[in-house]
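> Here's the letter readout for the chains.
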Amino acid sequence: MSETGLPTTDGRRLIAAARRRDLLFAGIGLAVLFVATAVLLALVLDLVLTGAPHIDLDFLTSYPSRRASRAGILPAWVGSALVMLVTAALAIPFGIAAGLYLEEYAPRNRVTDVIEINITNLAGVPSIIYGLLALGVFVYGFRLGETILVAGMVLALLVLPVIVVATREALRSIPREVREAAFALGADKWQTVSMYLLPAARPGILTGIIVALARAIGETAPLVTIGALTFIAFLPPPPITAQPPFVSFEWLGSPFTVLPIQMFNWISRPQAAFHELAAAAGVVLLVMTLAMNGLAIYIRYRARRLLG
Amino acid sequence: MTLAAPLPAEPAPPSARPDEARPAEIRAKAAVEDLSFWYGPKQVLFSISMPVAEGCVTALIGPSGCGKSTFLRCFNRMHDLYPGNRYAGRILLEPEGIDIIGPKTDPMVPRMRIGMVFQKPNPFPKSIYENVAAGLRIRGVRSRTVLDAQVEKSLRRAALWEEVKDRLHASAHTLSGGQQQRLCIARALAPEPELLLLDEPTSALDPIATAHIEELIDELSRRYTIVVVTHNMQQAARISRFTAFFHLGRLIEFGPTEEVFTRPRETMTQDYITGRFG
Chain B
1 MSETGLPTTD GRRLIAAARR RDLLFAGIGL AVLFVATAVL LALVLDLVLT GAPHIDLDFL
61 TSYPSRRASR AGILPAWVGS ALVMLVTAAL AIPFGIAAGL YLEEYAPRNR VTDVIEINIT
121 NLAGVPSIIY GLLALGVFVY GFRLGETILV AGMVLALLVL PVIVVATREA LRSIPREVRE
181 AAFALGADKW QTVSMYLLPA ARPGILTGII VALARAIGET APLVTIGALT FIAFLPPPPI
241 TAQPPFVSFE WLGSPFTVLP IQMFNWISRP QAAFHELAAA AGVVLLVMTL AMNGLAIYIR
301 YRARRLLG
Chain L
1 MTLAAPLPAE PAPPSARPDE ARPAEIRAKA AVEDLSFWYG PKQVLFSISM PVAEGCVTAL
61 IGPSGCGKST FLRCFNRMHD LYPGNRYAGR ILLEPEGIDI IGPKTDPMVP RMRIGMVFQK
121 PNPFPKSIYE NVAAGLRIRG VRSRTVLDAQ VEKSLRRAAL WEEVKDRLHA SAHTLSGGQQ
181 QRLCIARALA PEPELLLLDE PTSALDPIAT AHIEELIDEL SRRYTIVVVT HNMQQAARIS
241 RFTAFFHLGR LIEFGPTEEV FTRPRETMTQ DYITGRFG
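Protein sequences, first through last, are from chains B and L. Using this note's numbering, you'd call the opening residue of the first sequence number 1 and step up by one each time. Using this note's numbering, you'd call the opening residue of the second sequence number 1 and step up by one each time.
To be clear, the hints were calculated from the coordinates, so they are not data collected in a lab. Don't take each hint at face value.
[Said to hold, decoys possible] As a list, the in silico DMTMM-like pairs of lysine to aspartate or glutamate whose alpha-carbon atoms are at most 20 Å apart:
#, chain 1, residue 1, chain 2, residue 2
1, L, K104, B, E177
2, L, K42, B, E177
3, L, K165, L, E152
4, B, K189, B, E103
5, L, K104, L, D34
6, B, K189, L, D106
7, L, K120, B, E103
8, B, K189, B, E169
9, L, K42, L, D99
10, L, K42, L, E25
11, L, K120, L, D34
12, B, K189, L, E215
13, L, K153, L, E215
[To be verified] Here are a few chain L residues that sit away from chain B, every Cβ distance over 12 Å (derived from the structure):
#, residue
14, E25
15, G55
16, M78
17, D99
18, P121
19, L147
20, K153
21, P193
22, E219
23, T267
24, Q270
25, T274
Just so you know, even glycine gets a beta-carbon here, dropped at the ideal spot from N, CA and C.
Generate coordinates for the entire structure from the input sequences, incorporating the hints supplied.
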């Protein structure tokens, strides 16, 4: 019975229809998720099953060899680790500084707009283009050679936009009350940024760094372009020395290879034994990535604990 | 230094607090002269002039959007944080007569001397101790003994010490809303401000926490000059010595709270306090 002319009996049917819709969507979502995860799991499982039996101390401490049974990935994982060190040392401070400037300091004008658009676009540039740029500018222009330094620099350039964007997002998501509270207490801009904004933005920035470094460690194309070696039978000079000043940066100027390139090299050989070695190297690469993520997640967790 | 703009005559017996000896002459802590303000092209404050009496609570009341918060935020140049805002007129901070909104005045100058508590409790995502110590750290205080002493003193003044003294290093976010707001008051008090701005400090709190804060404001008014924005007229009547009524960006009436609430000169004030609009 309706005096307003609105239907009165439809309520229950509408609710039932809504329930069915929700159920249907949840079902589809679950199925898609399952397919995606299952494929990924199968890939990883296959990689681990093929590769794991080959991973032992010898594999990690041997140089590559023409004989599969004696080949190892020592220079590759050391190269990957050192290149990542350079990348992180460059991309993290520059990325955070650039994001900070754009979000907190830059005046709102045409120049800033152009810079912003460019940074967003840079994130979408194919990595091999960066390799060509590095080859032209760093290797030939600055005569830095095909070295770990150049590899770190090109990967840092490649992932810089990711860190810049993450830093800006993290700063932007801080409630404006925090900013106002700091300024109202008499803080200047740098105090506000360093004492209150950066600590509050740390979880978001760390997420950006994880994504950036995970991308960098798997990159192959730009490193091949700048001339990374595919076969290498020596290590870079050690960063720590017995004589004072105990640290050395000679390794920066050393030729190198990285895990993805080593994998690519092995996978293009005809012998099946090398394919299995490639899988084993893949497992090591995965473990390195996961270890990096784990460390970042741990730091982020500790940072969040105080945020309440 | 006497008033730049004359304060209206005090009602004969200062009935609000007969137990306390008041100085015979009330001096101005700040004098607002012909203040106008624009958010970009939109003018939101229209030539406002009024004094802020030293050692008293001044309440700013008025309906939503009347400009009372905007007015309050002129005192510590909060509007400078966002582009396109413009001030005209003067706000003189006594006793030196520094023009707070003068183009030659660095916004840090008033902010160093004026504390502010915001509408929503906004503690920093840090420990209770660090929140209170923030203003001192900003001023370069390093000494642990000075910090410890001032943190305790400020927390005591904000009536929070007893509740938090055993967990000073816990996150400020573990406190309840009312406690957080008292923490923000302690944070504002720690650098010993000459003037305290409260922007609807109880609007996000429940009645019990509100009562706590009101008691606290009363207590603090013995020591500090306070300007408080409130949309709660009973609150204004309870805690303030002077009241300013704003409407549509204009100051309609200013006077001793008793007079504004019992014998308003303007019909608009009368209508507002009797609940006919707003």
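> Please go over all the hints and tell whether each is borne out by the structure.
Consistency of the hints with the structure:
1. For a cut-off of 20 Å, the pair hint linking L:K104 to B:E177 is broken: about 26 Å separates their Cα positions.
2. Taking the CA atoms of L:K42 and B:E177, the gap is near 23 Å; set against the 20 Å cutoff, the hint is violated.
3. Taken as a hint, the L:K165 and L:E152 pair is honoured in the structure, with Cα atoms around 8 Å apart against an allowance of 20 Å.
4. Taking the CA atoms of B:K189 and B:E103, the gap is about 12 Å. The hint holds against a cut of 20 Å.
5. At roughly 18 Å between alpha-carbon atoms, L:K104 and L:D34 fall within 20 Å of each other, so this suggested pair holds.
6. For the hint pairing B:K189 with L:D106, the CA-to-CA distance comes to about 13 Å; that is within 20 Å, so the pair holds.
7. Between L:K120 and B:E103 the CA atoms are separated by roughly 24 Å; this puts the pair beyond 20 Å, and the hint is violated.
8. Using a Cα cut-off of 20 Å, the hinted pair B:K189 and B:E169 holds, with the two alpha carbons roughly 19 Å apart.
9. Among the hinted pairs, L:K42 with L:D99 is inconsistent with the structure: their alpha-carbon atoms are about 23 Å apart, more than 20 Å.
10. At most 20 Å may separate the alpha-carbon atoms for a hinted pair to count; L:K42 and L:E25 exceed this at roughly 39 Å.
11. At most 20 Å may separate the alpha-carbon atoms for a hinted pair to count; L:K120 and L:D34 exceed this at roughly 30 Å.
12. Only pairs whose Cα atoms come within 20 Å are accepted, and B:K189 paired with L:E215 is rejected, the gap being roughly 35 Å.
13. With a CA separation close to 18 Å, the supplied pair L:K153 and L:E215 stays within the 20 Å bound.
14. For L:E25, the requirement that its beta carbon stay farther than 12 Å from each beta carbon of chain B is met, with the minimum near 30 Å.
15. No beta-carbon of chain B is positioned within 12 Å of the beta-carbon of L:G55; the least distance is around 22 Å.
16. Against the 12 Å criterion, L:M78 falls within the reach of chain B, whose nearest CB is about 6 Å from its own CB.
17. Every C-beta of chain B lies more than 12 Å from that of L:D99, the closest at about 18 Å, which supports listing it as non-interface.
18. For L:P121, the non-interface assignment is contradicted: its Cβ lies about 9 Å from the closest Cβ of chain B, within the 12 Å cut-off.
19. Look at L:L147: its CB is around 14 Å from the nearest CB on chain B, clear of 12 Å, so calling it non-interface holds up.
20. Consistency note on L:K153: stated as away from chain B, and its beta-carbon is indeed over 12 Å from all of that chain's, at 17 Å minimum.
21. With a minimum CB-CB distance of about 9 Å to chain B, L:P193 fails to clear the 12 Å threshold, and the non-interface call is violated.
22. Interface exclusion of L:E219 from chain B stands, the closest Cβ pair being 22 Å apart, more than 12 Å.
23. Consistency note on L:T267: stated as away from chain B, and its beta-carbon is indeed over 12 Å from all of that chain's, at 37 Å minimum.
24. With a closest Cβ-Cβ approach of about 35 Å to chain B, L:Q270 is found to remain outside the 12 Å limit, as its non-interface label requires.
25. The Cβ of L:T274 lies farther than 12 Å from every Cβ of chain B, with a closest approach of about 34 Å, so its non-interface assignment holds.
Figure legend: structure checked against the earlier numbered hints; hints not met, in rising order: 1, 2, 7, 9, 10, 11, 12, 16, 18 and 21.
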